[in-house]
Amino acid sequence: MRRLATAFVAVSVLALAGCAQDFDKGPEGKVTEKVKDGKKFYLVVDPSKAGDETKFRVSKYDYHDCNRGSKYPKCVED
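If you read the sequence shown in the working numbering, its first letter stands for residue 5, the second for the next number, and so on.
FYI, nobody ran anything at the bench for these hints, they're computed from the structure.
There is no bait here: all hints are sound.
Here are the simulated lysine to any residue pairs, SDA-like style, with alpha carbons at most 20 Å apart:
hint, residue 1, residue 2
1, Lys34, Pro77
2, Lys44, Asp26
3, Lys43, Phe27
Whole structure, please, built from the sequences with the hints as guidance.
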C-alpha cells in the first residue's frame, strides 16, 4: 500500500511539472498582433511604437488575456 501511495505522489508531481509553462517575459509595449502556431502561442509587441516589433512565446492564458492594442505586460497582470 505504501509503494502505491509513493508511486501516486511521484506521478502526480511529474504531471504537474509537465503542465507548467514558464516563458521569458517580452518587452513592455503595445500588442500589435497575436499568432497561434499549432499549440504554440505568440504575441507581437511594439515597445517603442516605432515599428521595432518583437515576437515572443507566451502561455495560452496570456495569449487569451492580451488583445490587439492592449499594453503588455499589463494585460497579463490584470
